Amino acid sequence: MSLIDVRAAIAQAHHEEWARLVAILTKRFGDLDTAEEAAAEAFATAAELWPVDGLPPNPGAWLTTTATRKAIDRIRRENKRDDKQKEARMLYDDDPPEPVGVIDDERLRLIFTCCHPALTMHTRVALTLRMVGGLTVAEIARAFLVAETAMGRRITRAKAKIKAARIPYRVPSAEDLSVRVSGVLAVLFLVFNEGYLATGPDTDPLRHDLTAEAIRLTRLIRALMPDDGEVAGLLALMLLTEARRTARISASGELVALDEQDRGSWDRELIAEGHALVRARLASGQAPGRYQILAAINAVHTDVRDTDWSQVIALYDQLVRLDPSPIVRLNRAIAIAELDGPEVALAEVDGLPLEDYHAFHATQADLLRRLGRSEESRAAYDRAIALAGNTAETAYLIRRRDQLAGTRT
Amino acid sequence: MQYLISVIHNKTDLASPDQEAAIDVFNDRLQAEGHWVFAGGLGAPDNATVIDNRGEEAVVTDGPFLESKEFLVGFWIIEAPDLDVALKLAAEGSKACNRKIEVRPFL
Chain A
1 MSLIDVRAAI
11 AQAHHEEWAR
21 LVAILTKRFG
31 DLDTAEEAAA
41 EAFATAAELW
51 PVDGLPPNPG
61 AWLTTTATRK
71 AIDRIRRENK
81 RDDKQKEARM
91 LYDDDPPEPV
101 GVIDDERLRL
111 IFTCCHPALT
121 MHTRVALTLR
131 MVGGLTVAEI
141 ARAFLVAETA
151 MGRRITRAKA
161 KIKAARIPYR
171 VPSAEDLSVR
181 VSGVLAVLFL
191 VFNEGYLATG
201 PDTDPLRHDL
211 TAEAIRLTRL
221 IRALMPDDGE
231 VAGLLALMLL
241 TEARRTARIS
251 ASGELVALDE
261 QDRGSWDREL
271 IAEGHALVRA
281 RLASGQAPGR
291 YQILAAINAV
301 HTDVRDTDWS
311 QVIALYDQLV
321 RLDPSPIVRL
331 NRAIAIAELD
341 GPEVALAEVD
351 GLPLEDYHAF
361 HATQADLLRR
371 LGRSEESRAA
381 YDRAIALAGN
391 TAETAYLIRR
401 RDQLAGTRT
Chain B
1 MQYLISVIHN
11 KTDLASPDQE
21 AAIDVFNDRL
31 QAEGHWVFAG
41 GLGAPDNATV
51 IDNRGEEAVV
61 TDGPFLESKE
71 FLVGFWIIEA
81 PDLDVALKLA
91 AEGSKACNRK
101 IEVRPFL
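Taken in order, these protein sequences are the chains called A and B.
By the numbering used here, the letter at position 78 of the first sequence is numbered 78, and the numbering carries on one by one without gaps.
By the numbering used here, the letter at position 73 of the second sequence is numbered 73, and the numbering carries on one by one without gaps.
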């Protein structure tokens, strides 16, 4: 086996085994910090030994054994009095390897602990990417444009709070489950969106590493909770969005609007998978949640036929009933413009309390442009450009503004 | 595991009779289910006195150690197996006294 193959095998094992490893170690040693360090040490040892000794027959088992030894070493090294409890646990926890179902459950516990509502949203995102996703602190810091030391502190503080306040390591009870699952999904959606619409003047407009990681973790949660409609909905929404990833940004780094995208460059496989998920949810007959409705809207947008706007509006009506937020109403108005014209849509948009949101001004600008109100449109584009944080979006808005008819020169 | 549940408010008003009744029901439940350790309401921050005896002699200052818009008006100390249980109880306590609450673990 070549060195490159061994490196690929280590990367694959890292993807597949990291969360399981941290979860098992956390359960056994009752401490996230020990679990994280021991898992990282086990992979560092693998990177040293595997290229020399070759791959072990069962990399997952090798990693578990190695990481467990590392954790025990670490605890012995520290050898503090308050570790007596852990020592005691080590002595009698010689259970045979657990069946797969139970191990899956361990990963789920890990996810719920990392996404606990007593932690801030930023902390939940960072902790989930570190403990479940296996990203390094440096990678997470880079993803969110924060200094590595600051990100390290945030994660350390979170681990300390989990321990001191005793945030439990378990799957929430049935009565709390749906609220807690939606908390987990919010974390994953935030990671995905940061990848899809990356912010920052020096950032790539698309961060495939983040969208891919969000999809991978959502797939994991779907495998662990196959009956949850919103998990399926979020996965479908991500897949249908990701399918249009390459068509969304032009060669010159400019955002391409949906109606101008080259449909031939969409990823048919992702779209087929997303559509199948949406169809399965519709067939379930259960009332859909927010992510399922958003997925259904994206399914209409990615249909082979031209977009059926009346269907899109019907779905937005359903969404407004669940979530009457101004952003949902703004998106509904964009669909209304396609069916009832820009004048009706503009009346819907006017007065929405979204002064600080670039898409609000961009929508107004586009509707005013279509109504031939160039002066007002230009002013709205200016406001949108000032607020937009994504480089591709800014480039698109500037071109649209500069193309306005009857511009002052 | 014990948690301090601090009741935070911006006025020194006593609880209304309705709130008083709801707090009694909540306290009874804490006792019946084995969560109860201790609880009490506090006098106004204006009536506090700060003492610092780290130096040569004790320095006494009239008033609270920190002047703030919101302050501690009472507390519970509860016994709970983990933060989820503590947060659930705290949410009920907040509802009963109709005030904001902070949950903090003891060491």
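Just so you know, the hints here were simulated from the structure itself, not pulled from any lab data.
Remember, predicted model here, so these are calculated numbers, not experimental data.
A couple of the hints might just be wrong.
Stated by the list, open to error - Capping the alpha-carbon separation at 30 angstroms, the derived lysine-lysine pairs in DSS-like fashion look like this:
1) K27/A with K69/B
2) K95/B with K69/B
3) K11/B with K159/A
4) K163/A with K27/A
5) K161/A with K88/B
6) K100/B with K88/B
7) K70/A with K69/B
8) K27/A with K159/A
9) K95/B with K11/B
10) K88/B with K69/B
11) K95/B with K161/A
12) K70/A with K161/A
13) K163/A with K70/A
14) K100/B with K69/B
15) K11/B with K163/A
16) K163/A with K88/B
17) K88/B with K27/A
18) K27/A with K70/A
19) K27/A with K95/B
20) K11/B with K69/B
21) K70/A with K159/A
22) K161/A with K27/A
23) K11/B with K27/A
Open item on the list: Please verify whether K95/B and K69/B have alpha carbons no more than 30 angstroms apart.
Closed with: Distance of about 21 angstroms is within 30 angstroms: holds.
TODO: With a cut-off of 30 angstroms on the C-alpha distance, tell me whether K70/A and K69/B pass.
DONE: 50 angstroms, violated
TODO: Mind checking the alpha carbons of K161/A and K88/B for me, to see if they're no more than 30 angstroms apart?
DONE: This hinted pair holds, its Cα atoms lying about 18 angstroms apart.
- [ ] For the pair supplied as a hint, K95/B and K161/A, confirm whether the alpha-carbon distance does not exceed 30 angstroms.
- [x] Given pair K95/B, K161/A holds - Cα atoms ~25 angstroms apart, limit 30 angstroms.
TODO: Decide if the proposed pair is consistent with the structure: K11/B and K69/B, CA atoms, cutoff 30 angstroms inclusive.
DONE: Satisfied, since the Cα-Cα distance of roughly 9 angstroms is no more than 30 angstroms.
TODO: Take the C-alpha atoms of K27/A and K69/B, compute the straight-line distance between them, and say whether it is at most 30 angstroms.
DONE: Given pair K27/A, K69/B is violated - Cα atoms ~43 angstroms apart, limit 30 angstroms.
Task: Agreement of K88/B and K27/A with the hint, judged by alpha carbon distance not exceeding 30 angstroms - done: 24 angstroms, holds
TODO: Starting from K70/A, check that the Cα of K159/A is at most 30 angstroms away, please.
DONE: Holds, at about 19 angstroms.
Open item on the list: For a C-alpha distance cap of 30 angstroms, please report whether K163/A and K27/A respect it.
Closed with: Roughly 13 angstroms separates the two Cα atoms, so the pair holds.
Open item on the list: K161/A and K27/A were given as a pair; does the straight-line alpha-carbon distance stay at or below 30 angstroms?
Closed with: Judged against 30 angstroms, a Cα distance of about 17 angstroms means the pair holds.
Open item on the list: For a C-alpha distance cap of 30 angstroms, please report whether K11/B and K27/A respect it.
Closed with: Roughly 45 angstroms separates the two Cα atoms, so the pair is violated.
- [ ] For the pair supplied as a hint, K100/B and K69/B, confirm whether the alpha-carbon distance does not exceed 30 angstroms.
- [x] 13 angstroms, holds
Checked against the numbered hints given earlier, the structure breaks hints 1, 3, 7, 15, 19 and 23 and satisfies all the rest.
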